[in-house]
Structure formats: structure tokens, C-alpha cells
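**Q** Sequences listed follow chains A and B, in order.
Using the working numbering, the first residue of the first sequence is number 939, and each one after it goes up by one.
Using the working numbering, the first residue of the second sequence is number 943, and each one after it goes up by one.
Hints are computed from structural coordinates only; laboratory data are not their basis.
Please note that a few of the clues may not be correct.
A few chain A residues that don't get close to chain B, going by computed Cβ distances all over 12 Å [stated by the list, open to error]: (1) D989; (2) R1130; (3) E1167; (4) L1255; (5) E1261.
Heads up, simulated SDA-like pairs for lysine to any residue below, C-alpha to C-alpha not over 20 Å straight-line [said to hold, decoys possible]: (6) A:K1241 with B:R958; (7) A:K986 with A:E1121; (8) A:K1226 with B:R1182; (9) B:K1189 with A:A1172; (10) B:K1144 with B:C1033; (11) A:K1264 with B:E1186; (12) A:K986 with A:A970; (13) A:K1136 with B:E1109; (14) A:K1226 with A:H1191; (15) A:K1136 with A:P1190; (16) A:K1028 with A:G1054; (17) B:K1189 with A:E1121; (18) A:K957 with A:L1122; (19) A:K1241 with B:E1172; (20) A:K1233 with B:A1045; (21) A:K1125 with B:D1053; (22) A:K1264 with B:A1188; (23) A:K1226 with B:R1185; (24) B:K1139 with B:D1022; (25) A:K1263 with B:E1179; (26) A:K957 with B:G1104; (27) A:K1263 with B:G1173; (28) A:K957 with A:R1007; (29) A:K1263 with B:R958; (30) A:K1264 with A:Q1253; (31) A:K1027 with A:L1053; (32) A:K1125 with B:S1107.
Just so you know, even glycine gets a beta-carbon here, dropped at the ideal spot from N, CA and C.
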Amino acid sequence: MSINILVIAEFHRDSGFRKSVLEALGAARRLAAGAGGGEVSAVAAAEKVGDSAADLAAYGADKVLLAERPEFAVYSPGGFAAAAAAAVKKVKPAVVLVPGTALGRDLTPRLSARLGAPAATDCVGLEQDGDRIVAVRPAYTGKVQMRVGFKGSPAIICLRPNVFLPEKEDRSRSAETVSLGLELTEKDLALRITGTEKQVSDRPDVAEADLIISGGRGMREPEGFRLLEELSSALGAGIGASRAAVDAGWRPHGDQVGQTGKSVSPSLYVACGISGAVQHLAGMIGSKCIVAINKDPEAPIFKVANYGIVGDVYQVLPALIEELKKG
Amino acid sequence: MNIIVFVKQVADTEARVQIAGDGTSIDTLDLNFILNPFDEFAVEEALRTAEKLGGEVTVISLGNESAAGVIRTALAMGADRGLLLKTGARCDDPLQVARALAAEIAGSGFDLAFFGKQAVGNDHGQVGILVAELIGVPGISMVSGLEVETGGIRGKREIEGGTESFECGLPAVVATQKGLNEPRYASLKGRMAAKKKTIEEKEVSLAEPLLEVESLNYPPQRERGRVLGEGAGAVPELVRCLREDAKVI
Ligand SMILES: Cc1cc2nc3c(=O)[nH]c(=O)nc-3n(C[C@H](O)[C@H](O)[C@H](O)COP(=O)(O)OP(=O)(O)OC[C@H]3O[C@@H](n4cnc5c(N)ncnc54)[C@H](O)[C@@H]3O)c2cc1C
Ligand SMILES: Nc1ncnc2c1ncn2[C@@H]1O[C@H](COP(=O)(O)O)[C@@H](O)[C@H]1O
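Isolated chain B, as found in the complex (with noise of 0.2 Å):
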């Protein structure tokens, strides 16, 4: 199997968010970087899908120089071989960073390729499903049980309230989201062989983005409400807000 995942450097979700000056980004001075948890998921499914069926993972970032050091993490975890696609471009448009990984991979004999449900922070949820379509093979999203076998995969996908199954030929690509897996710790062992490995890196171009970010805005701040009181007491002045303050009762 030549399988393939694909891997965004995201900010670490506790880290304090500040607007930049130029009012459509976010300062990355003091931002962390890690692997998209969502991706951790596609990673895992990656290499569970290969140590069943054989074959190589191969994990592909596209982003800036500093993209490497999530390949890295994936490295480590177990894929066999890391490639940057290298752009100085912002990445906000989900069509445009969708163009540039189909181009990669399309007509490449890929057999699966795995994605994350979406990339926290800009939250998209697109750039799997843009990609299987742009190449034209199936596509699925948000999948929660998958069953890979040498001509086909089957699966389950959520939904409201529960799940639908799906089936499909291969090559296909697979949007994970969580529940399907458990993924793995990289072993201090894992570790050090990902040091070995290199990382391939391609210089990339994407197109003009055609969704622009005009401007990123604080929310306006919930006001901080009312405590009402302490226990069970409060109870009936807390319907009593509902019923006729609120009106949401």
C-alpha cells in the first residue's frame, strides 16, 4: 500500500491569541506549535493502515519552513518518509491549499490518503473532501471506523446522532475524526530514528487566494453574569431568570 497522510502545523490551543498588526493574522511571536490533533488521528490510522497490509506511509506538510518540525513529530510516531511542500504564502484559503497537495499526489499511484476532520484554528473542515474531489476519486468525511482491504474500504461516517457506513474503491482519501482511534505516543526510539530520516522539500506556489480574510476582531466579550446564589436555594430564582429575563424557557 502507498499510503499517504497529511499534516498541518497548528497553534497550540492554549496559547493566548493576539491579532497582528496588519489585522488579518495572528501574532506567531510567541505561539507554540504542534501537530493538528485532528491529524493525530489520520496519522494512526496511517500507520495502523500499513503495518496490516504493508506498505510505506509518507507524511506531507505544506507550509513554512518551520512545518518540518510537525512531519518530524509524524516521523516519529512511525511513517516512513516526510515531505515539505515549502511556500511562504499564507495558507487561509482551503481551495488554494487544496490545489497545491492534489497536484502532488494526483496521478502519483497513491493507493489512501489520510487527512484530519479539520485544521484547528482557522477551522475549515474542507481541505480532505476539496482534494479527493479536485483529483476525482472518492472522498469521505468525518470517519469514525474504517476497514481497509486490498480493493476497497468500508466504514463508518458521523452523523447527527449517529452513524452512516459507506464502502468505495481505492485510491481513496479518508477525513478522520475522533473516535476512530487511539493514537500512539512517539517512543523515545521512534524518536531517534526520526532524527535519521530526512525530509524532502519541494518549493511550492499557490495561487491567489479567492477566500480572503479581511480582517480577524476580538469577539465582544460575554459580560460577566449574575451568580445567583449558593445550592439548591437558588433554584427558583435561576427558572424564574429563564422563564421571564431570558425567555429561553
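The shape of chain A in the complex, shown without the other chains (with noise of 0.2 Å):
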């Protein structure tokens, strides 16, 4: 038995391959290995790759399909859309991979409805039996895990950042590069993608952050989130918020966590004076490693945190700021 794979790689000018697509490499990799082999394709749609093809296959591709176009420069929703179907024709795999950035959760559906094959998204756990892939997915606030299987090819999974591991990078691996011949169609191009406004921040964003640090309305005004940001920058941390935080506007909407928020599994999630309503556990349920920072000792959060400290935030938090600094 043997299974062909096809990830999607987003490609940035600045930054090269996003980390979740190396995780989306692994994850097809393990995949490939369990079925008793098979190929895994990249498919990256950019304005120039150029010699950063090259990280593909250190990390697990063997075969590489470029669709480089000057429009690409920028996201094109219905370009990427068409060079994702296109290189699904040319390598059939029976399964893609899509990274759950902010790209791949909007190109998923795209690519759903153009391959009429089944998709879903925000996936954590993959199981496989032979070329069966049944996919694991939180539903309902986390409160259950729902598994789905795929009736139709490929089976298209888009996976939660931060939960795969990547492969060990082997850079004595080369991979098959293929230029995707691609033939875009008016309607491919109606929906333009005119400039991009990225808020000045060196932090990563709490989407893909694997060190998360988080506040809720116990940081009490916004000066609060000034220690929060110390202590992720000592941490090289992203910033998270609860809906209070947020809702009072102490914070942006793209730093909220929970159910209307984001979803996130980073390696540490410290949540500083949030009480863990379930709309906020739904959010970062996940993460490895949870510790809060709460005055209330009955506060909900610590039936899920690894460590908890009951205790005022402006006294905690300057305290692990100095003694992160002893190093």
C-alpha cells in the first residue's frame, strides 16, 4: 500500500515557508510511513520561490510544484485556489495537507468546493489505517473530540498550527521541482487582495506563537498588558487576551482566545487573572503546558492549569519577570 500526499505550502517573500508548513510536511511524512510509503508533493503559489524550494525537501518533500506568477506577489484567493486544484490533477494524492494559517483555513473551502472532495479543518490528531485517514477535531467549546472520515477524494485536512511536529531538517535531501502550468480564469482573479496593514510587532502572533502569554479582565486597565508584554518579551512570547480584555479594549480582536477567538496549542499558555469560562478554555484547551496566575483560588482555571499560583498579578508577574532574568 502506498499513499500520495500533497501539502500547501505557503510561501512568504520575507520570511520563506511558514513553520506550519513544515509541520504539514511531518505530519505527511508519518502519514507516507504508515501506509508503507508513498510520495509527498509541495505545492507553493508565489511571485518567485527561488532557492527556498530547497527548505522543502530538507523537510520531507519529494516532489516541489511551483505556480510563480507576478500577481502572486500578493495572496490572490482565487489564483491559489486554482494552483492548489491544479497540482491536485497532476500528483491525484489521496489526501492534502493544509497549514491552518490564516491562508489555509481561507483556501480549504476553496479548493473543497473546486474538487467537490470533502474537507475539514482545525484538525489535531490523525489516524490512519492503511490508506484510511480518519481526522480528529475539537468540536462543541473542546467539550468533545469529533472524528471524521472522507467519502470522496483527496481528503482534504487542514491541520491546527503548533500541534504536528516537523521532521528533522536533512538538507542532503532533494526534491523534483515542477513548474505548474496554470491558466487563470477571470473569475480566478475578481477577488483582489490590494495591500496588506501587518501591526508593527517583532511578538509573534498568537495563532502561531508557541509561547503564549495572556490576560484577562484581572490585569484591571490597560497598563496592565504593559507587565504582559515584558514578560512575553523576556520570553519572546506572543500576547494573548480573554473576551473581557478584549471587549474593553485593552487589547486587539486578533489577540482574543476562545471560542470566538482564536484556537491555539502552544507549549506554554500562562493565562494572567482570567477566570477560565468555558468559551475561553475552548480556545487553548490544548496547549501543552498551562499555568495561571489568579487571586481567586476557586477560580475555574486551575481545575485545567499544570501550575497555578493564587496570588495579586502585579505582585506575581514583576516577580517571574526578575527571576526570568537570573537566567
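Hints are included, so try docking the two chains, each in its own frame, into the full complex.
**A** This is the structure:
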């Protein structure tokens, strides 16, 4: 038995392939190994990928399909979907793995509609029985795990960032590189992305950060987040927030973690002045290590925290920043 | 403007979720159903667009009899007409749901169709863009800012650490993200008026699901961890645990 897998390889001119792409390649390699072999292909739509294509080989791609066009300097929802669909035609994968980034989550339904194939989003586990794949995804505010099967091919599986491990980098690997001929229709280009506005921040976005420092109503005022910024800088962490903190206007919407915010699975999630409402837990329960700092020993967050400190954030956080500086 | 807004009834998130006897669905007996929170942004944006440019807002929901409830909620907020696409089928496969919704509005002469970013519960986050692709019109996900003119739309969509600006012509599909607007509450007058509006009903049948729920399971319980102590005094032990036991920093 063997299985062909296609990975959607999101590429950025300045930062190269995203970490989530390497995670998807890792998941693909393990699926291929589990099926007793198969080819892992990666498709990249970009203005120009250049030497970076070698990164895909180093992390597990056997074949690299490039859709390079000047209009792909920015995201083109229809154009990228057409490129992904063309790659599917070419390599006939049984499984398409899509990194669960903003781009990947946008692309997944486009590909599903174009191929008439089933798609599952926010997957945190893959089970395999030969070439039959079942994906595991949280549902109902994380209160249940849903196992979904795929009738129809390919199975399109969008993976939650930070859950699947990349394979070890191996620079001795190489991949066949193929240029994808692509004919775009007017419809493909009807929706235009005309610009990008990024917050000037060297902090990782909460959706992709491996360490997250998160604050809630217990931070009491916007100034409180200064402490969290200081702590996150000390660790190279991203900043998250509860809905109460976002609704109060202390943090932008993009930082909200939870059911109506982002779902995150970092190695470390530090909840500061957050009570631990179910809707908040829904977004962060998949974190590997949870730390809670809360002055109320009865706060529900302590039920899910690996480590807790009962205390005032204004006393605990400065001490924590100091302690970390000691190295 | 001919505006459509799609709404779904979802289980209240406060509710205790119990897996039903069939092992693939949740017990709905004690559940309270509400309008999907993300669909509130969709309804609000539809109403604002109609108020600004003139036109009619039609609310559509696919589901069983009780889905009429969320249509009624949107009518009370100010929508003009309601349509219930009635089915006894499970609506777990976003592609099959989207096919049924697309069949209803393709060729209907609509200008804008609003969706929520995702329906909480199943959390697929796919149906809006699926519908756009199936009927071949531009579809924008994660919309957090929108300007509608008679010839087209422009706006912002959320991405990691920022936003992207977009533009396209009409008709178009917009899937709304939080931050786009502050949804209004239904006024008493609105609720009274909604009672008088009739909700049209149509039977539809869904195709066999391609994405199939094989089972629902309770996630492994997180073990209750350790409270290391009180106040700043517990900090050195916390740092030691994170470094040496959990090895996360
Ligand atoms: C449909 C729906 C969707 C929702 N989606 C989300 C979501 O995506 N994300 C989300 O977070 N919430 C969401 N919520 C809201 C959620 O129910 C809670 O209201 C919210 O998470 C509470 O935020 P909080 O923990 O910051 O505030 P609170 O619940 O007010 O908790 C504040 C905590 O801080 C502690 N505290 C106070 N002062 C201090 C101090 N000086 N030092 C230490 N601790 C202190 C208190 O003991 C308390 O535990 C949603 C709700 C609904 C109904
Ligand atoms: N059964 C349904 N009836 C009407 N609209 C729906 C239905 N299911 C999903 N939608 C719409 O599609 C959006 C995304 O849903 P989903 O892809 O299921 O997360 C929702 O916010 C609704 O606007």
C-alpha cells in the first residue's frame, strides 16, 4: 500500500515557508510511512520561490510544484485555489494537508468546492488504517472531540498550527521541482487583495506562537498589559487576551483566545487574571502546559492548569520577570 | 440591493454537552438553541447595508422546524423576509450544506450574501466560501471592515497580526468576523413586528455527506495540576518547574 500526499506550502517573500508548512510536511511524511510508502508533494504559489524550494525538500517533500506568477506577490484567493487544484490534478493525492494559517483556512473551502471533495478544518489528530484516514477535531467548545472520515477523494485536511511536529531538517534530501502551468480565468482573479497592514510588532501572532502570555479582566487596566508585554519579550512569546480584555478595549480583536477568538495550542500558555470560562478554555485547552495566575483560588482556570499561583498579578508578574532575567 | 443573510441555530455554549446514544451526535434534549454569535455580525451588516443603500434583507436558514427560531430573531432585528429550508437530515458536512444553500440563491439575482465566519459547535468555518465558489462569485472570509457601493465592495479581512485590504465587484459573498460591527438588540417594536412577518418554508433534501462524523468522544480530562503557592514567593518554584519538569522555557 502506498499513499500520495500533497501539502499546500505557504510562502512569504520575507520570511520563507511558514513553520506550519514544515509541520504539515512532517505529518505528511508520517502518513506516508504509516501507509508503507508514497510520495509527498508540496505546491507553492508565489511570485518567486527561488532557492527556498530546497527547504521543502529538507523537511520532507519528494516533489515541489511551483506556480510562480507576478500577480502572486500578494495572496490571490482564486489564483492560489486554482494552483492548488492544478497540483491535485497533477499528483492525484489521496490526502491534501493544508496548514491552518489565515491563508490555509481561506483556501480549504475553495479547494473543497473546486474538487467536490470533503474538507475538515482545525484538525489536531490523524488516525490511519492503511490508506483510510480519520481526522480528529475539537467541537462544541472543546467539550467533545469529533472523528471525521472522508468519502470521496482527496481528503482535504486543514491542520491546527503547533500541533504536528516537523521532521528533522535534512539538507541532503532533494526534490524534483516542477513548474505548474496555470491558466487563470477572470473569475479566479475577480477578488483582489490590494494591500496588507501588519501591526508593527516583532512578537509572534497568538495563532502561531509557541509560548503565549495571556491576560484577562484581572489585569484591571490597559496599563496592566505592559507587564505582559515585558514578560512576553523576556520569553519571545505572543500575547493573548480573554474576551473581557478585548471588549474593554485593552487589546485588539486579533489577540482574543477562545470560542469566538483564536484556537491555540502552544507549548506554554500563561493565563493572568483570567477566570477560565468555558468559552475561553475552548481556545486554549489544547496547550501543552498551562499556568494560571489568579487571586481567586476557586477560579475554574486552576482546574485545567498544570501549575498555578494564587496571587495578585501585580505582585506575581514583576517577580516572574525578575526571576526569568536571572537566567 | 437584494441582500441575503444566512443564519444557523447552534447550541448555547454555556450548555452541558452530552454525547447522544448513537455516539455521533450530541443530545439536544436539554439544549437551548441560539443564533450563532458570528451570524449576528452578518445580520447587522446586512441591515446596515440595506439602510444605507436601500433594498431588502432576506434571512435564510437550513435545518429542522426549530431553525425558524433564529430566523425570527433576525426578523426582530429588522430583516424583511425569512425562508426556512427544511430538512430532517443532519447538517454536519459543510460541502453538502453549501450545495443546498448555493442551489437556493444561484441565479436569484442577489447582490450580497452575508455569512458568519463559522458556526460554533461544529466550527467548520467553511460554508460561506464554499457557497461563493460553488456559484462562482467572489467570496471573502474573515471580513472585519466593509464598504459597499452600488458597483462593488472593498474592505478589510483579518490575517495573522494584521489585515489585508480587498476589493471586488458584485454580486459577492461576505463571511463576517468579530470586530466588523456591534450587532443591535431586537427592540420590543422589532419583536412585535417580527411576529407578523411570515416565514416561507421549503423542503430540501441534502445529498449524502462526504465528510462523515464517525464518532464523538469526550477529550481526555486534563489532570488537575498543582497550585505551587501564593504570591511572589511561589515564582522561583514555577520557573524551576517550567524549566526542568515541563521543559517549555
Ligand atoms: C457566545 C460567547 C462567546 C464567547 N467567546 C469568548 C472567547 O472567545 N474568549 C473569551 O475569553 N471569552 C469568551 N466569552 C466570554 C466568557 O464567557 C467570559 O466572560 C470571559 O472569558 C471572561 O474573561 P476574564 O476571565 O478575563 O474575566 P473574568 O471572568 O471577569 O475573570 C477575571 C479573573 O481575574 C481574577 N483577578 C482579578 N483581579 C486580579 C488580580 N489583581 N490578580 C490576579 N487575578 C485577578 C479574578 O479572580 C477572575 O478570576 C464568550 C461568551 C459567550 C457567551
Ligand atoms: N444550516 C445552515 N443554514 C444557514 N446558514 C448556515 C448553515 N450552516 C452554516 N451556515 C452559514 O455558514 C456560516 C459558516 O458555517 P460553518 O462553515 O458551518 O462554520 C455560518 O456562520 C452561517 O452563516
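**Q** With reference to the structure, classify each hint as holding or not holding.
**A** Going down the list of hints, with the structure as the test:
1. D989: holds, 24 Å
2. R1130: violated, 6 Å
3. E1167: holds, 15 Å
4. L1255: violated, 9 Å
5. E1261: Check fails; 5 Å does not lie beyond 12 Å.
6. A:K1241 with B:R958: Within the cut-off at roughly 17 Å; holds.
7. A:K986 with A:E1121: Cα-Cα ~17 Å, so holds.
8. A:K1226 with B:R1182: Given that 20 Å is the threshold and the Cα spacing comes to 17 Å, the pair holds.
9. B:K1189 with A:A1172: holds, 16 Å
10. B:K1144 with B:C1033: Given that 20 Å is the threshold and the Cα spacing comes to 16 Å, the pair holds.
11. A:K1264 with B:E1186: Within the cut-off at roughly 15 Å; holds.
12. A:K986 with A:A970: Judged against 20 Å, a Cα distance of about 29 Å means the pair is violated.
13. A:K1136 with B:E1109: holds, 18 Å
14. A:K1226 with A:H1191: At roughly 24 Å apart (the allowed maximum being 20 Å), H1191 (chain A) and K1226 (chain A) break the hint.
15. A:K1136 with A:P1190: holds, 13 Å
16. A:K1028 with A:G1054: holds, 16 Å
17. B:K1189 with A:E1121: Roughly 50 Å separates the two Cα atoms, so the pair is violated.
18. A:K957 with A:L1122: The hint is violated at about 28 Å.
19. A:K1241 with B:E1172: holds, 16 Å
20. A:K1233 with B:A1045: violated, 54 Å
21. A:K1125 with B:D1053: Since the Cα atoms of K1125 (chain A) and D1053 (chain B) sit roughly 16 Å apart, the hinted pair holds (cutoff 20 Å).
22. A:K1264 with B:A1188: holds, 19 Å
23. A:K1226 with B:R1185: At roughly 14 Å apart (the allowed maximum being 20 Å), R1185 (chain B) and K1226 (chain A) satisfy the hint.
24. B:K1139 with B:D1022: holds, 8 Å
25. A:K1263 with B:E1179: Status holds; Cα separation ~15 Å.
26. A:K957 with B:G1104: At roughly 18 Å apart (the allowed maximum being 20 Å), G1104 (chain B) and K957 (chain A) satisfy the hint.
27. A:K1263 with B:G1173: holds, 19 Å
28. A:K957 with A:R1007: It is violated: about 23 Å lies between the C-alpha atoms, which goes past 20 Å.
29. A:K1263 with B:R958: violated, 43 Å
30. A:K1264 with A:Q1253: Holds. K1264 (chain A) to Q1253 (chain A) sits at ~17 Å (cutoff 20 Å).
31. A:K1027 with A:L1053: holds, 9 Å
32. A:K1125 with B:S1107: Between K1125 (chain A) and S1107 (chain B) the Cα gap is close to 19 Å, so the pair holds against 20 Å.
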